[in-house]
Structures are given as C-alpha cells and as structure tokens.
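Respectively, the protein sequence lines represent chains L and W.
The letter at position 13 of the first sequence is residue 12 when you use numbering that gives the first Met the number 0, and the numbering goes up by one with no holes.
The letter at position 98 of the second sequence is residue 97 when you use numbering that gives the first Met the number 0, and the numbering goes up by one with no holes.
Quick caveat, the hints were computed from the structure, so don't treat them as lab data.
Certain hints may be false.
Just so you know, same-sequence chains aren't split out, so a pair can sit in one copy or run between any two.
What the hints assert, rightly or not - Below, in silico cross-link-like pairs of lysine to aspartate or glutamate (EDC-like), each with a Cα-Cα straight-line distance of 20 Å or less: (1) K89 - D20; (2) K179 - D195; (3) K73 - E9; (4) K92 - E135; (5) K17 - E60; (6) K89 - E118; (7) K102 - E9.
There are 2 protein chains.
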Amino acid sequence: MRTFIIKANEAHTRPDFKLNDLPGTSGRIDVLCRFLNSAFLLSHGFRKNVRVWLLLYGPPEPPKAIRFEGSRLKVRLNPDERSTARLIVKALKAGGGLREPGKEVEVYPGLYVSNRTFEDVVRLTLKNSAIYYLHEEGRPITDIRFPQNVAFVLGDHKGLSPEDEAFLDGIAERVSVGRKSYLASHVVAYINIFLDSLPNPP
Amino acid sequence: MRTFIIKANEAHTRPDFKLNDLPGTSGRIDVLCRFLNSAFLLSHGFRKNVRVWLLLYGPPEPPKAIRFEGSRLKVRLNPDERSTARLIVKALKAGGGLREPGKEVEVYPGLYVSNRTFEDVVRLTLKNSAIYYLHEEGRPITDIRFPQNVAFVLGDHKGLSPEDEAFLDGIAERVSVGRKSYLASHVVAYINIFLDSLPNPP
C-alpha cells in the first residue's frame, strides 16, 4: 500500500477558479492534477494499491482534505489535467457545507472530502504506514528498506513550512530521490517506478 | 545532452482541436504536453541540456516534426497542459504551409517545425547520440553505461508499430525502466531523475 500526501499551500478551497486557467486562478490546482496522474496511472492501467491525500490550504476555507482511495475509486481518473480538476471541483462542492473537523463526506465511491488538517492526515497515516518526507537532503531512496505500507509526504511548488517540517521531525524519515529540486509529480512518478523494481514492492 | 523522441500516431497535424478538450479532439496532444513537462521542467528550473522531438502522425497532414531545443528556447514552457498545447498550436500553424521535406521553420527561438519523418529524426539523432528504445522487455536501465549524448525513443499510448520497431532494430538498444507498462511522461520523469543520479550524468 502506497500513500502520497501533498500539502498545497495556496490551492483554493472553494471551486471559484476557471478550468481554462488553473495555474492563474486556482492556486495551482494543476499541480494536484498532475500529482494524481503520477500517483495512480499506468499505461492502460490504474494502481489500486495507492491512496492520495490532497491537503488544500488556500482561500477561502482552509483546510480541505481530499482523499482518493485507489482500491475503491469508481469514477474514472483520466490522464489530462482538466478532467481531474473537475473531480476536485466536485469534491470542493461536496465539502462546502462541512463544519465538523472529523467528518468525511463521500463524493463518489473512493473519493472523499473533509476539513481534516495536514497534521490530522499525517497522524492517521502513521497508524499503519511508515512515513517518508521527500527532501533534497534526505537519505537516498535507494538505501532504504521499505516495509509493505509506505507513505510519502511532499510539498507543493512552495515547499513545506518550517512549522510543517518541525511537526514531521521524529515522525517521518527524510528521503531524497536526487540532487536537484524536482516537481512533485515527477518525484511521485519516480517513486512508483522505483518501488515497482523492488523484490517485494509495497 | 539528452534527447527524447516520441511518435504520436494519432496527434493532429493541423491545429483543428479544442484546448478545452485535448484528449477528445486532438488525437492526444495532451500526452505530448505532459511529455514536454517531464522532459524539461525542474522545480523552479529548466533543463537546458534537453532536446525533444514530437513526431505527429495524425490527420490531416502527417508527418509533422516539432523540435524543442532546451539550450535555445526563449519562450516560456509552463508546467500546465493548456499553455504547452498553445505552443504546439503555434508550431502547427507555422508548419501549415510547409512542402519541402527537409526544411525546418523557426516558430520561436528554440522551437521548430518541419515535415521530417520519424525515420529522418532518428537518423539525424544517431549522428551524435546513442539511441535507446524504451521497451518493457529491454535491458534494465540500471545496467547500462550511458555516454554523454543519449537519446530515448518512446511510443505514445498506442506504442510503436512493428515497422517502427523493425526500423529501430540495430540502431537503438532496447532499455526498460521496469516491469510494467508506464505512461510516456512518467518514463521520461524517471529517466531524467535516474540520469541525474549517475556519476557523470549525460
């Protein structure tokens, strides 16, 4: 089981953006669309053993947590950004009236929205997965022996804040896929292919 | 120097498609947009040592070859699909009147269009690069000693034809990034990060 968690500091928490201009109007929901593509899609296939948490912290009602559960997802995830953005719009609409912090609403089978925080989601994930925080100065991913349930935390284009990093200290091991600073979607594509190559892939 | 070549069997060769529905109207130009994203983009950076050839073989005027030259590209390549599709539209417009097979038109500095064929481009690339054909049953990429100039040939979602594969035999070594069939953009993201990790990255 592989979990990917991304904290999107500026991603809008109400569907007030234009599908025709995601980069300019949504607080970079396009980054999240590519993240989902990399996490789930194979050529003519879909990774059922993947869970993705999108943590949206942009205006006007942060946070919103959108969960995609590969083993249960019934709605089709297409590779293009625009159709994936539509799923995020659906989730934000469904989550618009939410007040309770712990309640999760099912948007479609396998797609959920809640007001959970980044910390909530990391703590929840910690119950059954080893957590890794992707960081340029982390331990090389090739040196790590991964257990069967793994979770990876990534920042968006702005990265995680010092407070987020302090929270992760002691909870998540820092791992690195390389020397440069890569786009989140590229890192996830790399991790998936790398994990597939292990003798006992998570 | 890294070259990535993709043959897109159905990608439209005239800009007759809708930016609002690339997957449904363009013969999957969206695949090419994600391919370019993976080939060139870093987080807050750009790979100048990359060249991409898009070989479009869809209706109505195949082939069209669009070349993105990282070392010279002056127009900004943004990460989202839509803005990248606009560059492809510009190139197809500029290439609309082309008749001569060998002539290449500069669309912007670093962006070129021509009527070159897949075979033309592979032969041209062979002059200064070792060519690898990405194939599930190829030699593991981790086993290969790469020279300084490398080129990777990929198929689109439909893959290369038996004729294309026959042409590549003896020209390109088959290499594999893993056991599954991956999306072209994921493979390119993986290759870039993998090559970066080598002692003397191409």
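Comparing the hints with the structure gives:
no.	hint	result
1	K89 - D20	both (17 Å within a copy, 19 Å between copies)
2	K179 - D195	between (22 Å within a copy, 8 Å between copies)
3	K73 - E9	neither (28 Å within a copy, 28 Å between copies)
4	K92 - E135	neither (36 Å within a copy, 41 Å between copies)
5	K17 - E60	within (18 Å within a copy, 33 Å between copies)
6	K89 - E118	neither (24 Å within a copy, 45 Å between copies)
7	K102 - E9	neither (23 Å within a copy, 45 Å between copies)
Violated hints, in rising order: 3, 4, 6, 7; the structure is consistent with all others.
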